[in-house]
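> Here's the letter readout for the chains.
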Amino acid sequence: MEEATTLVTPQMEASKGVWHSFETSFPITATDIRRWAIATYWGQMPPRLFWDEEYARTTRWGGIVAPEDFNPFAWQLPRELTEEELRLQGAIPGQETKKGDNILNGGQVDRFGARMRPGDVISSRSRLTHWEEREGRNGLTLYTYNETEWTNQRGEWVKSRVMTLIHY
Amino acid sequence: MSIFFEDIAVGDQIPAFTRKTTMMEWSRFAAVNEEFVYVHMDDEAGQAAGQPGAFGMGNLRWAYMLNALRDWAGDESEIRELAMQFRAINQKNDILSTRAVVVEKSVADDGAALIHLQIDVENQDGKGTSPGRAIVAVPSRA
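Read top to bottom, the protein sequences are chains A and B.
Counting from 1, one number per residue, gives the positions in the first sequence under this note's numbering.
Counting from 169, one number per residue, gives the positions in the second sequence under this note's numbering.
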């Protein structure tokens, strides 16, 4: 079998720097926030800021806010996934993966702005900013850097993330 | 209850947030974050990706670090930045502990009192899995 010389696709070249994946979340609910906090603090009571409105009103935030890592885009309505989205699912049981189709989250850098609150509707957009390829322990490896930006319904900046995906 | 800028010194280490990560912790997180990715749920898929079995989510380690920062800094503080590299894979039943050390104090242009931390999430062997940095704005008495 011929060895791949690059994992960079024409689609990547064409999409570099172009904002895409414009999404709008469902309104965040207090239940969404409480469940998130319970899951990540499992084994102990989560902070009252995430579930006790009376307490949260006494803080500088004036009410319940979401954890910084809360994802309002989880559990959007189900839909047909594109071929690219299916590919990004990575290894699938019983299915041999092609070179480059194994994908790991290599890390991320987040900057946080306005806190997310119950009732907020978050808008998101993403773009592929750049990439690099090098030989790693799994052979040719591609690192892609994707930027995502979130704003709320008041136009306030909520979060920016630059995520590294490792393809091998 | 909150910390104050003046009470924090370079070299301070913040209390760890520690969890043993079993399929229970992963499943709870997958259920809120819709992170039902085969390599995190299915041993066969994890093996196909070159691991001993299903492995943990980087995002859950990320959450543990945020939990540690919040528990330390208190509700009046504000996490402004978090950066983490997922350098090693978190295997099933690993005991993960956050590690964060104050490396710098500064005042931002907007007057915010900032604490800069060097961070990592270590496993039960003391091996770092997720090196990075954090910036937290904390209350000041000034």
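Please note that a few of the clues may not be correct.
As the list claims (entries may be wrong) - Derived DMTMM-like pairs: lysine to aspartate or glutamate, alpha-carbon spacing no greater than 25 Å straight-line: (1) A:LYS99 - B:GLU272; (2) B:LYS188 - B:GLU244; (3) A:LYS98 - B:GLU244; (4) A:LYS98 - B:GLU272; (5) B:LYS273 - A:GLU133; (6) B:LYS188 - A:GLU85; (7) A:LYS99 - B:GLU203; (8) A:LYS98 - A:GLU85; (9) A:LYS99 - B:ASP211; (10) B:LYS295 - B:ASP277; (11) B:LYS260 - B:GLU202; (12) B:LYS273 - B:ASP293; (13) B:LYS295 - B:ASP239; (14) A:LYS98 - B:ASP288; (15) A:LYS98 - A:ASP120; (16) A:LYS99 - B:ASP210; (17) B:LYS260 - B:ASP180.
What the hints assert, rightly or not - Chain A regions said to be covered by chain B (calculated; three or more residues, Cβ under 8 Å): (18) 16-25; (19) 52-61; (20) 121-133; (21) 141-155.
The hints are simulated quantities; they were obtained by calculation from the structure and are not laboratory data.
Note that CB positions come from ideal geometry on N, CA and C, so glycine has one too.
> All hints are to be evaluated individually against the structure, with a verdict given for each.
Outcome of the hint check:
1. Taken as a hint, the A:LYS99 and B:GLU272 pair is broken in the structure, with Cα atoms around 43 Å apart against an allowance of 25 Å.
2. At roughly 29 Å between alpha-carbon atoms, B:LYS188 and B:GLU244 are farther apart than 25 Å, so this suggested pair is violated.
3. Restraint check for A:LYS98 and B:GLU244: the C-alpha separation of about 49 Å exceeds 25 Å, so the hint is violated.
4. Between A:LYS98 and B:GLU272 the alpha-carbon distance is near 45 Å, which puts this suggested pair outside the 25 Å criterion.
5. The hinted pair formed by B:LYS273 and A:GLU133 fails the criterion: a straight-line CA distance of about 36 Å is larger than 25 Å.
6. For the hint pairing B:LYS188 with A:GLU85, the CA-to-CA distance comes to about 31 Å; that exceeds 25 Å, so the pair is violated.
7. Only pairs whose Cα atoms come within 25 Å are accepted, and A:LYS99 paired with B:GLU203 is accepted, the gap being roughly 23 Å.
8. For the suggested pair A:LYS98 and A:GLU85, the alpha carbons sit about 15 Å apart, so the restraint of at most 25 Å is met.
9. A threshold of 25 Å between alpha carbons decides the hint, and for A:LYS99 with B:ASP211 the separation of about 20 Å falls inside it, so the pair holds.
10. As the CA atoms of B:LYS295 and B:ASP277 are separated by approximately 37 Å, the hinted pair breaks the 25 Å bound.
11. For the given pair, B:LYS260 sits about 19 Å from B:GLU202 by alpha-carbon distance, which is consistent with the 25 Å threshold.
12. For the hint linking B:LYS273 to B:ASP293, the alpha-carbon distance of about 31 Å lies beyond 25 Å, and the restraint is violated.
13. Taken as a hint, the B:LYS295 and B:ASP239 pair is honoured in the structure, with Cα atoms around 23 Å apart against an allowance of 25 Å.
14. Distance hint between A:LYS98 and B:ASP288 is unfulfilled; the C-alpha atoms sit about 32 Å from each other, more than 25 Å.
15. For the hint pairing A:LYS98 with A:ASP120, the CA-to-CA distance comes to about 41 Å; that exceeds 25 Å, so the pair is violated.
16. Proximity of A:LYS99 to B:ASP210 is assessed by CA-CA distance (about 20 Å); at most 25 Å being required, the pair is judged to hold.
17. Between B:LYS260 and B:ASP180 the CA atoms are separated by roughly 31 Å; this puts the pair beyond 25 Å, and the hint is violated.
18. With 0 residues having a beta carbon nearer than 8 Å to a beta carbon of chain B, the segment 16-25 of chain A misses the requirement of three or more and the stated coverage is violated.
19. Taking a C-beta to C-beta cut-off of 8 Å, the segment 52-61 of chain A contributes 3 residues in contact with chain B, enough for the three needed, and the coverage statement holds.
20. A stretch counts as covered by a chain when three or more of its residues have a beta carbon under 8 Å from one of that chain; for the segment 121-133 of chain A and chain B the count is 0, and the coverage is violated.
21. A stretch counts as covered by a chain when three or more of its residues have a beta carbon under 8 Å from one of that chain; for the segment 141-155 of chain A and chain B the count is 0, and the coverage is violated.
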